[in-house]
Amino acid sequence: MTKPEMKTIDKVNRTLGKRHRAEKRFRLYGILSIGFGLLCVLFLFTNIIGKGLSGFTYHYLQIAVEMDAETLEISDTSDLNQILAGNYSGVVKRSTYEYFDVSSRRDKSQARKLLSVDGTGYLLQDRFKIDAEKIINTKTTVWALVDDKVDFYLKRLGEPGEQGKHEFSEKQLQWIHAAIESGDLQQRINWAFFNKGDSAHSEEAGIRGAVMGSFYLLLVTLALSFPIGIATAIYLEEYAPKNKWTDIIEVNINNLAAVPSIIFGLLGLAIFLAFFGFPRSTPLVGGFVLSLMTLPTIIISSRASIKAVPPSIREAAYGLGSSKMQVTLHHVLPLAMPGMLTGTIIGLAQALGESAPLLMIGMAAFIPEIPAGVNDPATALPMQIFQWFRNADAGFSEKASAAILVLLMFLIVMNTLAVWARRRLERRW
Amino acid sequence: MNDSVIKEPATPLSAEKSKAKTNVITEENNDAYTTVGQAFSEKAKMSMRDVDVFYGEKQAIYDVNLDIGTNEVVAMIGPSGCGKSTFLRCLNRMNDTIDTCKVTGKFLLEDQDINDKKMDVVPLRARVGMVFQKPNPFPKSIYDNVAYGARIHGLADRKSDLDDIVETSLQKAGLWNEVKDRLQQPGTSLSGGQQQRLCIARTIAVSPEVILMDEPCSALDPIATARIEELIDELSQNYTIAIVTHSMQQAARVSHRTAYFHLGKLIEVNETEKVFTNPDHDLTEAYITGRFG
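Respectively, the protein sequence lines represent chains A and B.
Last residue of the first sequence? That's 428 in numbering that gives the first Met the number 0, and every number before it is there in order.
Last residue of the second sequence? That's 292 in numbering that gives the first Met the number 0, and every number before it is there in order.
Extracted from the complex, chain A is given alone in its bound form (with noise of 0.2 Å):
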């Protein structure tokens, strides 16, 4: 029982201290949460971009190599069928042997080692495809990619351990470290690595055929699941006679965002490749199945910007004898699009990241060439960097690490084009 005596005020302040503390921890709460999150973040793209980076570069060897055309059998330079069947590997080794100034069986096949002859042999082939005139019959200076076991161990020089140090002999590591202090072996930007397709090695996988794949697919996902999502979403909010029809559907619609992906594979499987029969691994069978799933996030979200039009602009326009589809057009998409387009890219971001479902439609296959349509086989960049990690060969994890970067790259300036392109298209009222 409290004195009769005692105030209210009295009564609040011997409250307000317990209050203050209540509202510190209740603060406290959030900014650890934020504090954890930002750590995760952090982490995550420190690791990532620590061990991607060095996917980006490779080490080349500077050779002069003698281009004649008696050694690489090409007789006519515009013949691209000799140009393709030519034989660089011959030309690379014996520039080989002559930079590391070897002659006996033995040290030959040593210095081979060191270099990877057929990776040359391409790099050699696609400059003869640009303009093999001007060089055949030339001494022409080229940077050789190294074999993957050499760029595996200079890439870990620093670190302790030595790794990848035992696959060498000591003769092998004093030509590299020769070659290293005479500036003809470097590191440098492996643009192979964003011209080329997929390869069985390491040295020449790239990550373009991935890319573009990914490219397609989104391209088929958007061409569908936009105009369909917000015809969709028009029809629900402005047309649809709210009855036990229309209930149905809007249930099924939120629950199919929730459904697992994987599950829209089979769909996919089933329908796509077993009923109709479109061609297997390619972007338009995986850009329909991932407008499946996109198109629930594209029509909640876009049913979501369309309530948020303000019905005073409706009753306007009606009040002027506007017709429902001038209503629609003239008002309501306007006002909406920005809502509509950010609920696009976040799905196509969803879209672009998934690889459940293209793993049941084939597009996880080993896929060498770059699509050059929706309608070539492709894969996409999540099921390649699964297909690199997987790959016990040391080169491709690093590979792997390196089409996150691109992978998160994509993302990120897909998000910042929806902040973009809501900033941009909102309007007061």
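Just so you know, the hints here were simulated from the structure itself, not pulled from any lab data.
Bear in mind the structure is a predicted one, so any value in this text is a computation, not a measurement.
Glycine residues also receive a C-beta, built at the ideal position from the N, C-alpha and C atoms.
Don't take every hint at face value.
Negatives, chain A to chain B, calculated, CB over 12 Å [as the list claims (entries may be wrong)]:
id	residue
1	Arg24
2	Ser77
3	Arg126
4	Ile129
5	Lys133
6	Ile175
7	Leu218
8	Lys243
9	Pro367
Pairs of lysine-lysine residues, derived as DSSO-like cross-links and limited to a Cα-Cα distance of at most 30 Å, are as follows [said to hold, decoys possible]:
id	chain 1	residue 1	chain 2	residue 2
10	B	Lys117	A	Lys243
11	A	Lys323	B	Lys101
12	B	Lys133	A	Lys323
13	A	Lys241	B	Lys117
14	A	Lys323	B	Lys116
15	A	Lys243	B	Lys57
16	B	Lys117	A	Lys306
17	B	Lys171	A	Lys323
18	B	Lys116	A	Lys243
19	B	Lys42	B	Lys273
20	B	Lys139	A	Lys323
Given the coordinates of chain A, assemble chain B onto it according to the supplied hints.
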């Protein structure tokens, strides 16, 4: 103050009951009611007969009969929830947008029943325009706001015709001098009173015959209100106007006839001066003298 007077009706109207004339509207007495005063006009632009409005099960308007004369300003007053806004929105079928709303009765606009389900609301709303309670310009330029109605109805064939329509409408709404140098600025950048005049200009750009105004000044300050009232006075020379207002002074200033609504019934319609000086009905008197509402 008599509590029973303003209670909501608990039972729906039964049509069989006699149209007893009574001065007190109570819960037990929800019969159709015959309006006192002059509900009819000789040169009627719009004639409403036997109007009932339901929101779902709940009846909002009971058997209202009213004429609105050509070039006349009719004010509708009454306490909140009395059905005056609902009635006004029936006059250009704005209640169509509310799913649960059911409107019965005859609404004649020059011998044409606009409540007919076959009636196309698009031309109707071009003839009967509306100004809303809150200024609601489109998030477009001032020019586009005024030109919008003319554009969708195809009133102007050339750009110059459209320019003319925009200029005359803004002039009629008394806004031209204030905005003529910034027609491309957004309509939402204007002040509240200017926005409401922009909305009026937008409405008269379609050249309607009737203008409905639903508490057009309730969101405005006294100076902007005075400006709009002047405007209503000027507009009444060319347009027929029905205005719903919460301000009795405003009704007294701008209207020719005043209709008093109470609990969904039209209690009294008379010359405005008579309503505010010597009303026929006790409820009207109670309302205008401030005993409730």
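Here is what the structure says about each hint:
1. Arg24: Non-interface label stands for arginine 24/A: nearest chain B Cβ at 43 Å, farther than 12 Å.
2. Ser77: At about 61 Å from chain B, serine 77/A clears the 12 Å cut-off, so the statement holds.
3. Arg126: holds (58 Å)
4. Ile129: Label holds. Min Cβ-Cβ 54 Å, cutoff 12 Å.
5. Lys133: At about 59 Å from chain B, lysine 133/A clears the 12 Å cut-off, so the statement holds.
6. Ile175: Isoleucine 175/A clear of chain B: closest Cβ-Cβ about 68 Å, beyond 12 Å.
7. Leu218: With a cut-off of 12 Å, leucine 218/A remains clear of chain B, as the shortest Cβ separation is near 32 Å.
8. Lys243: Non-interface label on lysine 243/A holds, nearest chain B Cβ at 15 Å vs cutoff 12 Å.
9. Pro367: holds (53 Å)
10. Lys117/B x Lys243/A: Given pair lysine 117/B, lysine 243/A holds - Cα atoms ~27 Å apart, limit 30 Å.
11. Lys323/A x Lys101/B: holds (20 Å)
12. Lys133/B x Lys323/A: holds (22 Å)
13. Lys241/A x Lys117/B: At roughly 22 Å apart (the allowed maximum being 30 Å), lysine 117/B and lysine 241/A satisfy the hint.
14. Lys323/A x Lys116/B: holds (16 Å)
15. Lys243/A x Lys57/B: Holds, at roughly 23 Å.
16. Lys117/B x Lys306/A: Holds, because 29 Å separates the two Cα atoms, which is no more than 30 Å.
17. Lys171/B x Lys323/A: Since the Cα atoms of lysine 171/B and lysine 323/A sit roughly 29 Å apart, the hinted pair holds (cutoff 30 Å).
18. Lys116/B x Lys243/A: holds (25 Å)
19. Lys42/B x Lys273/B: holds (20 Å)
20. Lys139/B x Lys323/A: Given pair lysine 139/B, lysine 323/A holds - Cα atoms ~19 Å apart, limit 30 Å.
Consistency with the previously given hints is maintained throughout, with no hint failing.
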